[in-house]
Amino acid sequence: MIMEVEESSNRDMEGLRGRIVDETRNTFVIETEQGEEKRIPKSGNMFIFVLEDGTRARIRGDKLLARPEDRIKRGMQR
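Numbers in this note's numbering are just positions in the sequence shown, counted from 1, shifted up by 563.
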């Protein structure tokens, strides 16, 4: 999945774009088009996720502060 940092409390991160290669509770790791890996904190950032069908989803990183497996478990308990 492709991700772009739309807004950030760190101006140097705004506009970073790449493929998500790893995720932790507090960060995403993306591989940029130049082949560099960048670790981006979820907190304080607004992300745009580009799905395979071209759909774009805008999500505030603060809403994603959890391990991926914990978010799945929480969603299934509803």
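There could be a bad hint or two in this list.
[Stated by the list, open to error] Quick list of simulated restraints, FRET-style, between CB atoms:
(1) T595 <-> I622: 15 to 21 Å
(2) D616 <-> R580: 17 to 23 Å
(3) R574 <-> D616: 17 to 23 Å
(4) T595 <-> D616: 31 to 37 Å
(5) L628 <-> V584: 27 to 33 Å
(6) N573 <-> D616: 18 to 24 Å
(7) G598 <-> M576: 28 to 34 Å
I should point out that these hints are in silico values taken from the structure, not numbers from a laboratory. C-beta: ideal position from N, C-alpha, C; glycine also.
Query - Hints violated by the structure (numbers, ascending) - result: 3, 4, 5, 6 and 7
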